[in-house]
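Visitor: For the sequence shown, the residue numbers in full-length UniProt numbering are 1 to 346.
Because the hints were derived from the structure by calculation, they are not lab data.
Please note that the accuracy of each hint is not assured.
Here are the simulated DSS-like pairs of lysine-lysine, each with C-alpha atoms no more than 30 angstroms apart in a straight line [stated by the list, open to error]:
(1) 236 x 272
(2) 6 x 58
(3) 177 x 58
(4) 223 x 177
(5) 272 x 177
(6) 236 x 226
(7) 236 x 223
(8) 6 x 177
(9) 223 x 272
(10) 236 x 46
(11) 226 x 58
(12) 46 x 58
(13) 199 x 272
(14) 236 x 58
(15) 6 x 226
(16) 223 x 6
(17) 46 x 6
(18) 177 x 199
(19) 226 x 46
(20) 199 x 46
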Amino acid sequence: MNPQAKLIFTISLLLGTAITISSNHWIMAWAGLEINTLAILPLISKSHHPRAIEAATKYFLVQATASTLLLFSSMTNAWYTGQWDITQLTHPTSCLILTSAIAMKLGLVPFHFWFPEVLQGAPLTTGLLLATVMKFPPITLFFLTSHSLNPTLLTCMAILSAALGGWMGLNQTQIRKILAFSSIAHLGWMTIIISFDPKLTLLNFYIYSLMTAATFLALNSIKALKLTTLMTTWTKTPSLNAMLFLTLLSLAGLPPLTGFLPKWLIIQELTKQSMAPAATVISLLSLLGLFFYLRLAYCTTITLPPHTTNHMKQWHTNKPTHITIAILTTLSTMLLPISPLIYPLS
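Make the full structure from the sequences, and use the hints.
Guide: Here you go:
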């Protein structure tokens with residue numbers, strides 16, 4: 001892609017995100033989301049492969065539908081209450097339509113079908129943007145309207161997302177699809193707590209973005225897209241693979257690592273809100289996700305020769321790991337000890 005074009009699309013992405021997260025008026029928020037959608041489409045389809053074009057088309061149709069629902073929700077609310085302010089969403093029908101629109105934008109169950117397909121068709125760097133940056137504006141709108149939304153509906157959607165994200169990821173061999181279902185499961189954790197402690201949702205999103213960025217950049221560095229190719233990368237970059245192993249375990253939420261922090265705080269808050277059954281169910285469902293993270297981690301580091309892949313071994317490379325990956329993998333594994341400092345900051 002032309003560097004100037006790439007620069008324009010990147011600036012448009014940042015501009016759209018900034019407009020949405022800083023706006024008080026529904027029309028401005030909608031405009032920011034539209035700028036975001038139009039800026040990411042060329043980045044998805046830049047390879048001109050049929051699968052990439054298909055992914056861009058699916059993404060456009062889903063996001064256009066979600067934006068229409070969001071506009072319809074805000075207009076319905078304005079019709080009944082005279083308010084265009086985002087935080088003044090009070091009409092029940094508007095709240096229900098907005099929940100559907102944001103669930104569609106994020107890829108929450110039952111509007112999740114597009115996300116794995118789009119992520120599978122996009123390059124790894126664009127997949128990173130789709131899994132993190134593109135989810136920030138809808139999460140912000142969720143945050144601003146959280147007091148108006150139906151907690152029971154959100155809890156049901158969250159538990160279904162955690163269940164389906166874990167279940168559907170079990171039999172995948174494409175790494176991008178595994179990470180897509182991982183994202184759906186993590187969104188379940190963010191959604192279940194948003195009615196009770198919205199700041200905790202944002203903290204969960206920040207930590208999830210950190211770990212996902214580390215994973216995607218590491219995979220992009222070693223050029224691995226399938227589990228079978230991931231098995232042969234140990235000889236290429238041993239140190240990066242070891243850090244990727246820890247980052248994947250952190251994404252799974254195992255205790256000594258950073259990923260355990262948001263799960264711990266969410267379970268604690270749900271218990272305080274007398275929702276111990278929901279906390280128990282979503283904790284058990286995270287074990288499904290743990291299985292496929294462990295499978296990824298096994299393929300990354302523990303599969304030493306002799307094994308049964310037909311791929312040729314890759315040469316060991318002395319190319320230095322990018323400083324960004326080093327910083328992100330370190331943060332993805334070592335933030336738990338300073339959790340008393342992190343939580344008040346959120």
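Visitor: State for each hint whether it applies.
Guide: Evaluation of the provided hints:
1. Restraint check for residue 236 and residue 272: the C-alpha separation of about 48 angstroms exceeds 30 angstroms, so the hint is violated.
2. Between residue 6 and residue 58 the alpha-carbon distance is near 21 angstroms, which keeps this suggested pair within the 30 angstroms criterion.
3. Between residue 177 and residue 58 the CA atoms are separated by roughly 15 angstroms; this keeps the pair inside 30 angstroms, and the hint holds.
4. Of the supplied pair hints, the one linking residue 223 and residue 177 holds, its CA atoms being roughly 15 angstroms apart against a limit of 30 angstroms.
5. This hinted pair does not check out: residue 272 and residue 177 have alpha carbons roughly 35 angstroms apart, beyond 30 angstroms.
6. Restraint check for residue 236 and residue 226: satisfied, since their Cα atoms lie roughly 16 angstroms apart, inside the 30 angstroms limit.
7. At roughly 11 angstroms between alpha-carbon atoms, residue 236 and residue 223 fall within 30 angstroms of each other, so this suggested pair holds.
8. In summary, the hint linking residue 6 to residue 177 is supported, as the alpha carbons are separated by about 25 angstroms, within the 30 angstroms threshold.
9. As the CA atoms of residue 223 and residue 272 are separated by approximately 44 angstroms, the hinted pair breaks the 30 angstroms bound.
10. At roughly 28 angstroms between alpha-carbon atoms, residue 236 and residue 46 fall within 30 angstroms of each other, so this suggested pair holds.
11. Restraint check: the Cα-Cα separation between residue 226 and residue 58 comes to about 23 angstroms, which is no more than 30 angstroms; the hinted pair holds.
12. Our distance criterion of 30 angstroms between C-alpha atoms is met by residue 46 and residue 58, whose separation comes to about 15 angstroms.
13. Of the supplied pair hints, the one linking residue 199 and residue 272 holds, its CA atoms being roughly 16 angstroms apart against a limit of 30 angstroms.
14. A hinted pair counts as satisfied when its Cα atoms are at most 30 angstroms apart, and residue 236 with residue 58 does not qualify at roughly 36 angstroms.
15. Under the criterion of a C-alpha separation no larger than 30 angstroms, the hint pairing residue 6 with residue 226 is consistent with the structure, at around 27 angstroms.
16. For the hint pairing residue 223 with residue 6, the CA-to-CA distance comes to about 21 angstroms; that is within 30 angstroms, so the pair holds.
17. Of the supplied pair hints, the one linking residue 46 and residue 6 holds, its CA atoms being roughly 10 angstroms apart against a limit of 30 angstroms.
18. Straight-line distance between C-alpha atoms of residue 177 and residue 199 comes to about 29 angstroms, which keeps the hinted pair within the 30 angstroms bound.
19. Taking the CA atoms of residue 226 and residue 46, the gap is about 21 angstroms. The hint holds against a cut of 30 angstroms.
20. The suggested pairing of residue 199 with residue 46 is violated, with an alpha-carbon distance near 36 angstroms, which exceeds 30 angstroms.
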